[in-house]
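Chains as they are written, first to last, in this note's numbering: chain W, 36 to 259; chain Z, 7 to 268.
No wet-lab data here; the hints were simulated from the structure.
Some hints could be false.
Said to hold, decoys possible - DSSO-like cross-link-like pairs, simulated, lysine-lysine; straight-line CA separation at most 27 angstroms:
hint: 1; chain 1: Z; residue 1: Lys-90; chain 2: W; residue 2: Lys-100
hint: 2; chain 1: W; residue 1: Lys-72; chain 2: W; residue 2: Lys-247
hint: 3; chain 1: W; residue 1: Lys-56; chain 2: Z; residue 2: Lys-264
hint: 4; chain 1: Z; residue 1: Lys-264; chain 2: W; residue 2: Lys-104
hint: 5; chain 1: W; residue 1: Lys-132; chain 2: W; residue 2: Lys-202
hint: 6; chain 1: W; residue 1: Lys-132; chain 2: W; residue 2: Lys-214
hint: 7; chain 1: W; residue 1: Lys-202; chain 2: W; residue 2: Lys-160
hint: 8; chain 1: W; residue 1: Lys-171; chain 2: Z; residue 2: Lys-90
hint: 9; chain 1: W; residue 1: Lys-171; chain 2: Z; residue 2: Lys-11
hint: 10; chain 1: W; residue 1: Lys-132; chain 2: W; residue 2: Lys-165
hint: 11; chain 1: W; residue 1: Lys-56; chain 2: W; residue 2: Lys-247
hint: 12; chain 1: Z; residue 1: Lys-90; chain 2: W; residue 2: Lys-40
hint: 13; chain 1: W; residue 1: Lys-171; chain 2: W; residue 2: Lys-205
hint: 14; chain 1: Z; residue 1: Lys-196; chain 2: W; residue 2: Lys-49
hint: 15; chain 1: Z; residue 1: Lys-196; chain 2: Z; residue 2: Lys-264
hint: 16; chain 1: W; residue 1: Lys-72; chain 2: W; residue 2: Lys-132
hint: 17; chain 1: Z; residue 1: Lys-90; chain 2: W; residue 2: Lys-72
hint: 18; chain 1: W; residue 1: Lys-214; chain 2: W; residue 2: Lys-40
hint: 19; chain 1: W; residue 1: Lys-72; chain 2: W; residue 2: Lys-214
hint: 20; chain 1: Z; residue 1: Lys-194; chain 2: W; residue 2: Lys-49
hint: 21; chain 1: Z; residue 1: Lys-264; chain 2: W; residue 2: Lys-49
hint: 22; chain 1: W; residue 1: Lys-205; chain 2: W; residue 2: Lys-165
hint: 23; chain 1: W; residue 1: Lys-40; chain 2: W; residue 2: Lys-104
hint: 24; chain 1: W; residue 1: Lys-165; chain 2: Z; residue 2: Lys-90
hint: 25; chain 1: W; residue 1: Lys-165; chain 2: W; residue 2: Lys-214
hint: 26; chain 1: W; residue 1: Lys-206; chain 2: W; residue 2: Lys-132
hint: 27; chain 1: Z; residue 1: Lys-264; chain 2: Z; residue 2: Lys-194
hint: 28; chain 1: W; residue 1: Lys-132; chain 2: Z; residue 2: Lys-196
hint: 29; chain 1: Z; residue 1: Lys-90; chain 2: W; residue 2: Lys-49
hint: 30; chain 1: W; residue 1: Lys-56; chain 2: W; residue 2: Lys-100
hint: 31; chain 1: Z; residue 1: Lys-11; chain 2: W; residue 2: Lys-160
hint: 32; chain 1: Z; residue 1: Lys-90; chain 2: W; residue 2: Lys-132
hint: 33; chain 1: Z; residue 1: Lys-90; chain 2: Z; residue 2: Lys-264
hint: 34; chain 1: W; residue 1: Lys-56; chain 2: W; residue 2: Lys-239
hint: 35; chain 1: W; residue 1: Lys-247; chain 2: W; residue 2: Lys-214
hint: 36; chain 1: W; residue 1: Lys-171; chain 2: W; residue 2: Lys-202
hint: 37; chain 1: Z; residue 1: Lys-90; chain 2: W; residue 2: Lys-129
hint: 38; chain 1: W; residue 1: Lys-129; chain 2: Z; residue 2: Lys-11
hint: 39; chain 1: W; residue 1: Lys-72; chain 2: W; residue 2: Lys-239
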Amino acid sequence: MSEIKIESLSKSIKGTLILDKVSLVLNSGNIYGLRGKNGSGKTMLMRAMSGLLIPDTGSVIINGKTLHKDISFPESIGILIENPSFLPQYTGFKNLKLLAGLTGNISDDEIRTALERVGLDPEDKRIYRKYSLGMKQKLGIANAIMGEPDIIILDEPINALDEESVKKIKKVLLEIRDKDKLIIIACHDREELEYLSDIIYEIKDGSIVDRKEISNDNTKTFEA
Amino acid sequence: MNTVKFELYRAFHSRTFLISLIIGSVICALDLITFCIMVGLGGRYLAQAWIGTDYLFAYNQMFYILLPVLACLPYGGSLYTDIKTGYDKNICVKTSRLNYSFAKSVSVFLSGFVSVCLPLVVNLFIAAGIYSNYLPERLDATSIALDDIYLFASVYDKHPAIYCLIYILIDSLFAGTMALTSLSLTIKVKSSFTAVVTPMVLIFMFDVFVGVEEYGNWSVMAMLNPIQYMHSFWYQLLIVYLVIFLVNVVVITLTSRKRAIL
Chain W
36 MSEIKIESLS
46 KSIKGTLILD
56 KVSLVLNSGN
66 IYGLRGKNGS
76 GKTMLMRAMS
86 GLLIPDTGSV
96 IINGKTLHKD
106 ISFPESIGIL
116 IENPSFLPQY
126 TGFKNLKLLA
136 GLTGNISDDE
146 IRTALERVGL
156 DPEDKRIYRK
166 YSLGMKQKLG
176 IANAIMGEPD
186 IIILDEPINA
196 LDEESVKKIK
206 KVLLEIRDKD
216 KLIIIACHDR
226 EELEYLSDII
236 YEIKDGSIVD
246 RKEISNDNTK
256 TFEA
Chain Z
7 MNTVKFELYR
17 AFHSRTFLIS
27 LIIGSVICAL
37 DLITFCIMVG
47 LGGRYLAQAW
57 IGTDYLFAYN
67 QMFYILLPVL
77 ACLPYGGSLY
87 TDIKTGYDKN
97 ICVKTSRLNY
107 SFAKSVSVFL
117 SGFVSVCLPL
127 VVNLFIAAGI
137 YSNYLPERLD
147 ATSIALDDIY
157 LFASVYDKHP
167 AIYCLIYILI
177 DSLFAGTMAL
187 TSLSLTIKVK
197 SSFTAVVTPM
207 VLIFMFDVFV
217 GVEEYGNWSV
227 MAMLNPIQYM
237 HSFWYQLLIV
247 YLVIFLVNVV
257 VITLTSRKRA
267 IL
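Working from the sequences, and respecting the hints, build out all of it.
Right under this line is the structure:
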């Protein structure tokens, strides 16, 4: 059971206000969608929730612990924010294995499972540099979901993916949500976002301007 | 500890580490080959043949001029690359910024240390396999002439191989610290290349400044060269090392704490 509580979060970068007194409460077992124009602050809000951005004022509280005060980073989180980035000289599996080594609590089997779930072959010997755009994106998603962390943050996860892969990713995300995980997604595709999300927040000029509940039925499952 | 292991793995498996080792080793090999061909195999001894104390050919100068680059090249530009590609995001959601900085610093320091230490040690060992460790003759002008006031002069007279090893340690420690300089410059520079090359430029500028001001024995390049063409005192060596090291540690710690990971 995870909860992210954002209290009056503001952040300016080089004099420009990018997040303006954002307050939100996000609970596990839901997929939250973030919608807004380019530059509205979606990605920055995701960064702040991941602990990558230090707020000027306000706070991000994860399971009762304040980021940058009680904890330096969320204890169990997987992210794909903007473009996926990995070491170009290693295979997908090797890349994930290296990153999994940072926490030490994700097994090789869990890495293989994550790769297979997004449609990548764990035994593929091609190095990351040789990957197509879609494969890179899938590896980014696999990195975010490996070990099924309590919080998953995905910025434009279906970018560069073919229709088949989009279906697969949607299925995986709904499965993970049903395991009482908290998922936050930003997506420009209105239809896909509404399909996946339980609640959608509209962001404009760094502020939350609207909240839309898509479905109260928490048992929404994937329809192939 | 996991983060340190992760960064060490990256540092010592990087292509730049290999390139740096190759450059250093080639210079050292060329020096020894030239020495063997030009000077011959007989009647010479280890303290004349080792690149650090061999003043006959330009390879000594070449190695010590390039030392800051050899030190920074392996992993000094890696933080810049991590930031530019967004790879640091993958790491900073799994460990704290300070941990990441510490791990990065340790691996940058060690990669700089090894990339300078290894060519010098290998050169010394190969030279020791060819030439005997006879005591250097002060008056025949075939080896560096260290008066008693020079650093480790008595060690050089009595145990020349130990003198070489002491300087390998000093050079390697400085190399590690110079590599840290490229790390602390990362936030301010605009390319990985600049991060790697700037420490060398800064050292040159400092050396020119102290040379102009007639304080040449504060020159970093002079301090590091076992030939000791300037007479520096041990405390100068220590002060310069500590200042570079501590400034780097403070800058790295301060910048990493508050840095937004975009």
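Would the pair Lys-171 of chain W and Lys-11 of chain Z pass a check requiring their Cα atoms to be no farther apart than 27 angstroms? 25 angstroms, holds
Decide if the proposed pair is consistent with the structure: Lys-56 of chain W and Lys-239 of chain W, CA atoms, cutoff 27 angstroms inclusive. 12 angstroms, holds
Decide if the proposed pair is consistent with the structure: Lys-214 of chain W and Lys-40 of chain W, CA atoms, cutoff 27 angstroms inclusive. Distance ~20 angstroms between Lys-214 of chain W and Lys-40 of chain W Cα, so the pair holds.
Are Lys-205 of chain W and Lys-165 of chain W close enough, with their CA atoms no more than 27 angstroms apart? 25 angstroms, holds
Could you grab the alpha-carbon distance between Lys-90 of chain Z and Lys-264 of chain Z and see if it respects the 27 angstroms cut-off? 17 angstroms, holds
Is Lys-171 of chain W close enough to Lys-90 of chain Z, meaning Cα to Cα at most 27 angstroms? 17 angstroms, holds
When you check the alpha-carbon spacing of Lys-90 of chain Z and Lys-129 of chain W, does it fall within 27 angstroms? Holds: Lys-90 of chain Z and Lys-129 of chain W sit about 21 angstroms apart, inside 27 angstroms.
Given the hinted pair Lys-90 of chain Z and Lys-72 of chain W, is their Cα-Cα distance within 27 angstroms? 24 angstroms, holds
Would you check the hint for Lys-194 of chain Z and Lys-49 of chain W, treating anything up to 27 angstroms between C-alpha atoms as holding? Distance of about 15 angstroms is within 27 angstroms: holds.
Going straight from one Cα to the other, do Lys-90 of chain Z and Lys-132 of chain W come out at no more than 27 angstroms? Cα-Cα ~22 angstroms, so holds.
Within 27 angstroms, alpha carbon to alpha carbon, are Lys-129 of chain W and Lys-11 of chain Z? 15 angstroms, holds
Check the hint pairing Lys-165 of chain W with Lys-214 of chain W against an upper bound of 27 angstroms on the C-alpha distance. 34 angstroms, violated
Hint violations for this structure: numbers 1, 12, 16, 19, 25, 28, all remaining hints satisfied.
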